[in-house]
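Peer 1: These are the residues of each chain, in order.
Number of protein chains: 2
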Amino acid sequence: MAANTISLSISSNVAASKNFNSFESRGFIAPPTIYLPVASSKSKPGELSLSSTTIFRSRVRAGASASQLMNEPLYDKRSISAPTIVEVDLGNRSYPIYIGAGLLDQSELLQRHVHGKRVLVVTNERVAPLYLDKTIDALTRGNPNVTVESVILPDGEKYKDMDTLMKVFDKAIESRLDRRCTFVALGGGVIGDMCGYAAASYLRGVNFIQIPTTVMAQVDSSVGGKTGINHRLGKNMIGAFYQPQCVLVDTDTLNTLPDREMASGLAEVIKYGLIRDTEFFEWQEKNIEALLARDPAALAYAIKRSCENKADVVSQDEKESGLRATLNLGHTFGHAIETGFGYGEWLHGEAVAAGTVMAVDMSYRLGWIDNSIVERVNKILKRAKLPTTPPKSMTVSMFKSIMAVDKKVADGLLRLILLKGPLGNCVFTGDYDREALDATLRAFSKS
Amino acid sequence: MAANTISLSISSNVAASKNFNSFESRGFIAPPTIYLPVASSKSKPGELSLSSTTIFRSRVRAGASASQLMNEPLYDKRSISAPTIVEVDLGNRSYPIYIGAGLLDQSELLQRHVHGKRVLVVTNERVAPLYLDKTIDALTRGNPNVTVESVILPDGEKYKDMDTLMKVFDKAIESRLDRRCTFVALGGGVIGDMCGYAAASYLRGVNFIQIPTTVMAQVDSSVGGKTGINHRLGKNMIGAFYQPQCVLVDTDTLNTLPDREMASGLAEVIKYGLIRDTEFFEWQEKNIEALLARDPAALAYAIKRSCENKADVVSQDEKESGLRATLNLGHTFGHAIETGFGYGEWLHGEAVAAGTVMAVDMSYRLGWIDNSIVERVNKILKRAKLPTTPPKSMTVSMFKSIMAVDKKVADGLLRLILLKGPLGNCVFTGDYDREALDATLRAFSKS
Chain U
1 MAANTISLSI
11 SSNVAASKNF
21 NSFESRGFIA
31 PPTIYLPVAS
41 SKSKPGELSL
51 SSTTIFRSRV
61 RAGASASQLM
71 NEPLYDKRSI
81 SAPTIVEVDL
91 GNRSYPIYIG
101 AGLLDQSELL
111 QRHVHGKRVL
121 VVTNERVAPL
131 YLDKTIDALT
141 RGNPNVTVES
151 VILPDGEKYK
161 DMDTLMKVFD
171 KAIESRLDRR
181 CTFVALGGGV
191 IGDMCGYAAA
201 SYLRGVNFIQ
211 IPTTVMAQVD
221 SSVGGKTGIN
231 HRLGKNMIGA
241 FYQPQCVLVD
251 TDTLNTLPDR
261 EMASGLAEVI
271 KYGLIRDTEF
281 FEWQEKNIEA
291 LLARDPAALA
301 YAIKRSCENK
311 ADVVSQDEKE
321 SGLRATLNLG
331 HTFGHAIETG
341 FGYGEWLHGE
351 AVAAGTVMAV
361 DMSYRLGWID
371 NSIVERVNKI
381 LKRAKLPTTP
391 PKSMTVSMFK
401 SIMAVDKKVA
411 DGLLRLILLK
421 GPLGNCVFTG
431 DYDREALDAT
441 LRAFSKS
Chain F
1 MAANTISLSI
11 SSNVAASKNF
21 NSFESRGFIA
31 PPTIYLPVAS
41 SKSKPGELSL
51 SSTTIFRSRV
61 RAGASASQLM
71 NEPLYDKRSI
81 SAPTIVEVDL
91 GNRSYPIYIG
101 AGLLDQSELL
111 QRHVHGKRVL
121 VVTNERVAPL
131 YLDKTIDALT
141 RGNPNVTVES
151 VILPDGEKYK
161 DMDTLMKVFD
171 KAIESRLDRR
181 CTFVALGGGV
191 IGDMCGYAAA
201 SYLRGVNFIQ
211 IPTTVMAQVD
221 SSVGGKTGIN
231 HRLGKNMIGA
241 FYQPQCVLVD
251 TDTLNTLPDR
261 EMASGLAEVI
271 KYGLIRDTEF
281 FEWQEKNIEA
291 LLARDPAALA
301 YAIKRSCENK
311 ADVVSQDEKE
321 SGLRATLNLG
331 HTFGHAIETG
341 FGYGEWLHGE
351 AVAAGTVMAV
361 DMSYRLGWID
371 NSIVERVNKI
381 LKRAKLPTTP
391 PKSMTVSMFK
401 SIMAVDKKVA
411 DGLLRLILLK
421 GPLGNCVFTG
431 DYDREALDAT
441 LRAFSKS
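First to last, the protein sequences are chains U and F.
If you count by UniProt numbering, then the first sequence holds residues 1 to 447, one letter each, in order.
If you count by UniProt numbering, then the second sequence holds residues 1 to 447, one letter each, in order.
Hints are not guaranteed to be accurate.
For chains that are exact copies, the list does not tell them apart, and a pair is met inside one copy or across any two.
Cross-link-like lysine-lysine pairs, in silico, DSS-like; alpha carbons within 30 angstroms at most [claimed, not checked]:
1. Lys382 x Lys319
2. Lys400 x Lys117
3. Lys158 x Lys446
4. Lys400 x Lys134
5. Lys171 x Lys400
6. Lys167 x Lys400
7. Lys319 x Lys167
8. Lys171 x Lys158
I should point out that these hints are in silico values taken from the structure, not numbers from a laboratory.
Okay, chain U solo, but in the shape it has when bound (with noise of 0.2 angstroms):
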């Protein structure tokens, strides 16, 4: 561990959080101690090489085989009306995420989040025809005083920029909405961060409600409160930390979604395995198939377990100050991909899966981890129909001049999520070699 690290237990800390009270009421314990990073802020001018490195141990599920996990009574049925919630614990900006099949025919839910009278529902080209009018039912029914509005708007991450965001607020201020007004999000993970951000934004801040409608969205992006736009010279560079009322997950949703978006999220899935829930990734390398054949009950349970791990992160840290950094394994390298690839040209998960394999590489160089881990993680990539490297037109100069942009770069000193000890485990760091760094970006791309 790099000198200006240090290790503090903070089981009180734990305690006193809702989530992880509710992690343990479902057999979680607590880990003994975690690894606080030391502020990067301390680091002296000039001492590059000796960022902050923290160690994030996953959480070990006591008493329970990944085999049982699958034989749980996860879906059921009958209960239809009642949606798991999982909360996201941030004081007076705290939230409930619902999660259930059929939500979007429960008008109540998504009724007490709105506030005011006048919703813009904002949604893409593909979404709208399958579930605007559904969302709209489910805002007006009973509910004579509510009156909707929407903005269609076109579908892909190449659309997630300032012209396309200005729509929505001509759209909003051509409708007279007023700071009374609540934004809807209904579709992925472009327009969960699109219409966020609009709200964020729209007369210094109006409500808003995410209903994502891709497993992407549902188990990663809705979460959380990131929201924001890309710049042509890089991913969601321009944005906010603004948090819904609620995030309403209709998994039904999921029975139109393309087989390629159904991968792709899947590889946020796969992430939280790897970074902090050993139990979960072994959950995965049995049920992966499942997943893929959009199973109800293992879709169900992959979600919920992966809005628990993200609430949990979310909680400790929503601004990103070390351990919610964790959360972006792999997407150092996949948002090079995105940009310089194209946006659009492979969606989000792909990228991220192929940026996975190459930290995990860099991770295997370093000798943080042993060969069984590179393994696992490039099979069950394979298994989900996810690429394991970047496109052939990727070079190791667009990889090394886009990631000098990353948000995670702090003066000047790119850090990275890599696993080290024990699948599981994790760290947030810019004290690594940079020989491991130029030998896989060598190793995957070409010069």
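Add chain F to chain U, keeping to what the hints say.
Peer 2: Chain F alone, transformed into the frame defined by chain U:
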């Protein structure tokens, strides 16, 4: 008073406020009660005409006549190295406003608030030749680790838009600024608002510092964290509440301010007197020509007292749930003038001056103030070389259509800041006779 208005003694809150303590130490006494608004979210659907009404009383300065104020040792050449400090009390987002002559020559003041080693100065074509070198010098003198980039925007309200804002992001990303950087706003209100919003959004939030160089920015817009840009359909429709690390008011920068800009800033100074500080208004009535003539002592005093008023209000109501809205006296009419007549055709303070006359006219038509206040407001604005009627091209329907998208509209009801009672008292209310608004619009614009 409306039925749904409650009155609460908040003397304990007032005593707890650092800012108020600083008022007390100079001879202010706390008003015994202050009226707090019933949250408008509680108003029932359909009850549009029954919004909350709030009466905000002025501070009363005991034992010091207005003439005494002018005779106090307000400005002392010998104390040039000790700035006056007004604290904006916002918990962990508190920050100081430094006010004084020659503060840009005191590099340690600025440097203590710079985070990281990279700074981006955002300024405009008019201010850059005057103060950019001086500012860069203040940021880097004795501090060779800090590097400064700058982006020079076109000057004027008509460039306070998304296209111009993107130039800031372009520069920041091309310069590879990371999260540990600091944005510095060097200029008037437009620059401060745009730089602040850019800082709020770049990488989801970086540090920033305000160096206001106009009276308008020094007494009002640089303090309190309102940032944003205009939309073609409305002023400041897109933005964020985002507080700076500090505000540095070097009163020497006013030496180069055009007369029209000087007068424009005085509209906001006069506002503080009208809504909450009778003694300050009476002082202005004695000293308005001294302010126009840039008497250093008079200017320093007016800036300090304005900042104290602003800081006190913002500390109590950062996100404008009630009290803070009163700072917008005349602004709803004024924003309509700016939007309708064309951004930049009139300066913000010019539009606010005409808007203030309209708000005062309406207050008089409602029977809420006597005619002496109407006359005093008209007289002081004329002495300040400010307009007291809107541009001739403004029509009643232009006012109505633009005011309908004002940020103070709630559930379709336009709330206004109007004077009520003796000088120094105002209300923020939607509970007024619509006929009075119509009569005012007809009196000041063509049908």
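Peer 1: Output the indices of the hints that this structure fails to meet, ascending.
Peer 2: Going through the list in order, the structure violates hints 1, 4 and respects the others.
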